[in-house]
Amino acid sequence: MKFPEAQRRAHEEIDNIVGDSRLPTFDDEEALPFIRAAVKEVLRIRPVTKIGAPHYTTADVVYKDYVIPKNTVVSLCHYAIHYDTKKWDNPNDFDPSRYLDYPLKAGAYAAAADPNERDHFDFGAGRRICPGMHLAENSLFITLASILWLFEIKPPLDQNGVEQELDVSDEAYEEGANTLPKPYEIRFVPINQERVKILQKAWAEAQRDGFHLGNVQVDIEGVVR
22 MKFPEAQRRA HEEIDNIVGD SRLPTFDDEE ALPFIRAAVK EVLRIRPVTK IGAPHYTTAD
82 VVYKDYVIPK NTVVSLCHYA IHYDTKKWDN PNDFDPSRYL DYPLKAGAYA AAADPNERDH
142 FDFGAGRRIC PGMHLAENSL FITLASILWL FEIKPPLDQN GVEQELDVSD EAYEEGANTL
202 PKPYEIRFVP INQERVKILQ KAWAEAQRDG FHLGNVQVDI EGVVR
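Last residue of the sequence shown: 246 in this note's numbering, with the numbers rising by one and none dropped.
No wet-lab data here; the hints were simulated from the structure.
Fair warning: there could be bad hints in the mix.
Now the in silico label distances, taken between C-beta atoms and shown as ranges [what the hints assert, rightly or not]:
no.: 1; residue 1: K23; residue 2: L220; range: 24 to 30 Å
no.: 2; residue 1: A129; residue 2: N181; range: 48 to 54 Å
no.: 3; residue 1: K85; residue 2: V239; range: 46 to 52 Å
no.: 4; residue 1: L44; residue 2: Y205; range: 25 to 31 Å
no.: 5; residue 1: K85; residue 2: D36; range: 47 to 53 Å
no.: 6; residue 1: A129; residue 2: E33; range: 38 to 44 Å
Derived DSS-like pairs (lysine-lysine); straight-line CA-CA distance at most 30 Å [said to hold, decoys possible]:
no.: 7; residue 1: K108; residue 2: K71
no.: 8; residue 1: K23; residue 2: K85
no.: 9; residue 1: K71; residue 2: K126
Built from N, CA and C at the ideal position, the CB exists for glycine as well.
All chains should be built: construct the whole structure from the sequences, respecting the hints.
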């Protein structure tokens, strides 16, 4: 909405790879590099938390003109890293194309010895890095791909049917450690009715039969059958 070119490219990629006859699956992931890049850009521009989990320094650390004593509590400042203009051009813009040269999952870049090779720091760093990063990244991929397969996301309309400007600035988010948006309105417009029917059928089948999480059969609540 605020950056329509990103949504246009995402729709184009999904239309070319997935088409109208089925929902996206994890088998499509390698063929959807822009969607994968969009997941990384979401995590960069609006990290889940504003600061990382606290760590203790295990020894005195000297960094430039700063001395950080042993046993000091330190935390990553995600915003300072993710909006660093030395690494990212126009960091306030939502631009998934900046991640097209990062084809691997976040875990692969987190294992790099050079922090400059990281894609983002949303999951933290070091030995206490988020153990749920793989689940989070996979969930974001399939959710984003499925939503964009079915819908065009548009700004709200006023009483006269005119599209309203959507605030995506820092002021649109709650104060606190986590990145939570304040209440807002947007429109989800189905791309076509054929896709709506496919989703309705898939939902009915999932309610009746459950679905697979990897090789595990679960019900609609995610409980193993």
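The hints, checked one at a time:
| no. | hint | result |
| --- | --- | --- |
| 1 | K23 to L220: 24 to 30 Å | 26 Å, holds |
| 2 | A129 to N181: 48 to 54 Å | 50 Å, holds |
| 3 | K85 to V239: 46 to 52 Å | 51 Å, holds |
| 4 | L44 to Y205: 25 to 31 Å | 26 Å, holds |
| 5 | K85 to D36: 47 to 53 Å | 49 Å, holds |
| 6 | A129 to E33: 38 to 44 Å | 27 Å, violated |
| 7 | K108 to K71 | 19 Å, holds |
| 8 | K23 to K85 | 39 Å, violated |
| 9 | K71 to K126 | 21 Å, holds |
Violated hints for the displayed structure, listed by number in ascending order: 6 and 8.
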